[in-house]
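S.K.: Chain by chain, the residues:
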Amino acid sequence: MKLALDGLRILDLADEKGMFCSRLLGDMGADVIKVEPPGGDPLRQRGPYLGEVPHPGRSLNFWHLNASKRGITLDIESDEGKEILKRLVVTADVVVETFPPGYLDKLGLSYHDLSKVNPRLILASITGFGQTGPRKNFHCDDLVASALGGQMYLSGERDTPPLKPYGQQSYHIASLFAAIGILLALLSRRFSGRGQYLDLSLVEATAAVTEHVNIRYHDEGVVAKRQGSLSWSGAFRAFPCRNGYIMLSLFRNWETLVEWLLSEGMEQDLKQEKWRHEETRRLNLGHIASVLERWTKIHSADELCQRGQLMGFPWAKVCSPKHVVSNPQLKERRFFTPLIHPELGKKITYAGAPYKFSKLSWRIFKPPLIGEHNDEIYQGELGLSAKKVHALASRGII
Amino acid sequence: MKAALDGLRVLDFTWVLAGPYATRILADFGAEVIKVGSRHIPGSDEDSRTGYFNTWNRNKLSVSLNLSKPEARDVALRLAGISDVVVENFTPRVMANWRLSYEQLKEIKPDLIMVSLSGMGHTGAWQNYVAFDATVQALSGLTYLTTFPGRPPLGVGCAHADHVAGLVAALALLEALEYRSETGEGQYIDISELEALTSLLEVAVLDFTANARDLAPEGNSNPDFAPCGVYRCQGDDRWCAISLSSEEEWQHFCGVLGYPAWTKDTRFATNSERVKHSTELDRLVEGWTINHTPEEVMNLLQGVGIACGVVSDAASLAEDPQLRERGFFTSVEHPVLGKVTFDTTPVKLSETPASFYRPAPSLGQDNDYVYGKLLGMTKKEIASFTEKGVF
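Line by line, the protein sequences give chains A and B. At position 167 of the first sequence the residue is numbered 166 (numbering that gives the first Met the number 0), and the sequence of numbers has no breaks. At position 75 of the second sequence the residue is numbered 74 (numbering that gives the first Met the number 0), and the sequence of numbers has no breaks.
Check the hints yourself; a few may be wrong.
Reference excerpt, derived from the structure (chain A facing chain B, CB under 7 Å, subset only) [said to hold, decoys possible]:
id, residue
1, 42
2, 45
3, 60
4, 138
5, 139
6, 143
7, 178
8, 186
9, 199
10, 209
11, 292
12, 332
13, 348
14, 350
15, 355
16, 357
Quick caveat, the hints were computed from the structure, so don't treat them as lab data. Predicted, not measured: the structure shown is a model, and the values here were computed from it. Backbone N, C-alpha and C define an ideal beta-carbon position, used for all residues, glycine too.
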């Protein structure tokens with residue numbers, strides 16, 4: 000099986016806001032070179048760590064974002080570092096970066112500068128607010144992007160503060176958009192012969208995945224508010240079971256659901272004619288929920304889900320990571336992928352890539368150690384002598 | 000300059016959000032996306048007058064085609080024959096029952112690329128599970144992990160899984176197009192929404208597979224820095240998000256607050272001390288933010304280089320000056336609804352930008368163009384099929 004992006008070469012200068020972009024493309028076969036400052040990217044200093052041992056080669060966050068990449072170190076602020084970067088740009092198709100707007104310009108490494116070196120270069124910039132506008136110099140992280148992107152306001156309960164989704168979602172979403180933008184640029188490069196510049200903002204990427212929020216406001220003037228696990232249309236809500244929670248639908252196959260409760264004597268007044276009307280149920284969700292909760296609490300989540308799915312209910316267990324890893328469907332589809340970490344003498348199980356192509360495969364390999372491929376790339380590919388590489392390292396250029 | 004996907008034709012059987020979100024990107028960047036729907040098939044007759052439909056389906060064309068009629072299949076095959084891509088997000092049996100599987104479509108168009116986007120994927124024991132965004136979020140771990148310690152699982156307050164699936168499908172499709180540009184070969188792509196979302200949560204997966212730790216939810220707290228969180232501000236349900244990330248920022252933060260006595264407390268002397276005492280620290284910080292609007296807090300703290308943002312609701316987003324400057328929202332004129340406003344795209348390409356030129360189509364709006372001009376049917380044939388309920 001072939002790799003979709005075999006032959007594509009990417010220089011990744013991004014921090015955690017944009018590292019996932021080239022991870023996505025690396026999994027599909029691109030040759031991604033992660034360029035870290037000498038001493039390694041700061042993300043290596045953040046946990047969680049393998050075995051809870053803080054170490055730059057054991058950061059799980061760094062692993063997730065930088066699998067399928069080779070790694071070099073380079074100080075791009077030094078004159079020699081800039082020259083080396085430009086040499087690397089000559090044979091690169093894509094550069095991904097997340098520096099504050101203006102930083103690369105000041106170094107003489109703007110898109111304008113780099114496209115002179117390589118007119119076919121695609122430069123993707125991911126920043127909090129974008130390269131233009133009154134807030135372009137504002138600082139940003141995932142918490143702030145979720146807030147300003149209109150996403151945080153929607154999550155949580157009425158009596159809690161607004162809640163940020165788990166897992167740096169703004170970084171992942173922006174990275175997905177960036178990867179899409181890069182592919183669009185690659186496709187158009189086939190007829191134009193030239194690269195182009197891609198300007199992406201975390202806040203816009205987040206605002207772009209808020210589903211009903213902007214629609215209901217522009218359509219009806221409604222400002223969506225947080226309401227716990229109840230979905231905005233009232234269709235789904237999490238219910239407590241004997242152990243854990245189940246995500247139940249409140250509107251599908253209502254009569255069948257009531258029959259089930261009835262068979263256990265738990266239906267209370269739900270058998271009444273009035274509850275057969277969806278609108279009535281919608282207006283009295285509190286009551287429906289309390290009756291259902293009495294019932295779910297005496298069952299296990301697994302039991303309800305298994306029986307429920309057989310009866311056509313679109314229910315699911317609310318899974319913790321432990322359950323996710325043992326999900327039979329994910330296992331059957333060979334979604335999880337063990338990667339060898341020779342430096343640890345271990346195999347670590349990663350999530351896989353979420354595509355099954357009939358003619359293409361994905362391949363994931365372990366993330367790089369700090370400067371792991373310095374020799375391979377500086378000596379092997381750029382032709383620098385071992386002496387030169389050693390000298391650059393001793394001066395902190397690499 | 001030509002649009003990035005100029006000349007690309009997509010036959011679009013998708014509906015609701017995940018699938019249309021993927022094909023929307025293609026349409027925004029110049030592909031001719033032909034939605035196939037039917038008045039006669041439940042679920043396939045989405046109301047084109049809703050804001051929801053209009054947001055996800057701008058820039059697309061629409062034909063009506065009733066696939067429960069025997070003649071309709073031939074028309075579908077002819078449409079596939081002039082298309083580069085077919086996209087669908089039904090449960091696995093649907094296209095198979097219509098005899099429009101990849102194997103069959105490939106006979107007509109050997110280099111066709113077909114994308115199937117479904118909850119659980121097209122293989123495996125769960126392939127026919129009925130899955131919605133809420134259930135995918137639940138199965139992925141995101142619902143469980145998105146809550147405050149001690150609270151029931153809450154999840155994201157919108158269809159995050161559907162958006163992620165749409166983005167993953169669009170990316171996969173573009174990669175297959177790139178491969179086809181190189182080799183001339185099409186193929187079939189099977190995307191599982193569950194896998195798409197779970198792949199973003201890999202850190203939690205790794206914490207379990209590598210550390211045997213079943214990660215517990217952490218709310219808004221940050222184990223590495225403090226103060227870092229969401230703080231109540233002046234006004235009704237108004238909040239700001241503040242994220243410090245260095246000792247230097249803490250000094251600036253204290254300066255903005257006017258160096259109140261509590262900032263000199265030894266419990267807050269270093270970042271690690273502040274993290275240890277974050278509950279108490281957050282209470283004190285909120286004692287300050289509560290006297291300011293979130294906009295004031297944001298501007299004061301950003302002014303000294305600290306990441307801070309208003310927790311925006313829909314009204315704030317609509318008036319956000321940065322989003323306005325960036326052209327995040329736009330409107331087009333809809334023949335029935337009048338002006339329709341929707342989000343554009345965060346993907347800002349310098350040479351081949353997106354364009355927003357067409358509202359979402361009504362069902363069958365482009366029958367004459369697609370069946371007449373593209374497939375070469377006569378007006379009589381189209382009228383006959385329409386009368387027979389095939390269109």
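S.K.: Please name the hints from earlier in the document that this structure breaks, with their numbers sorted from lowest to highest.
M.R.: 1 and 11
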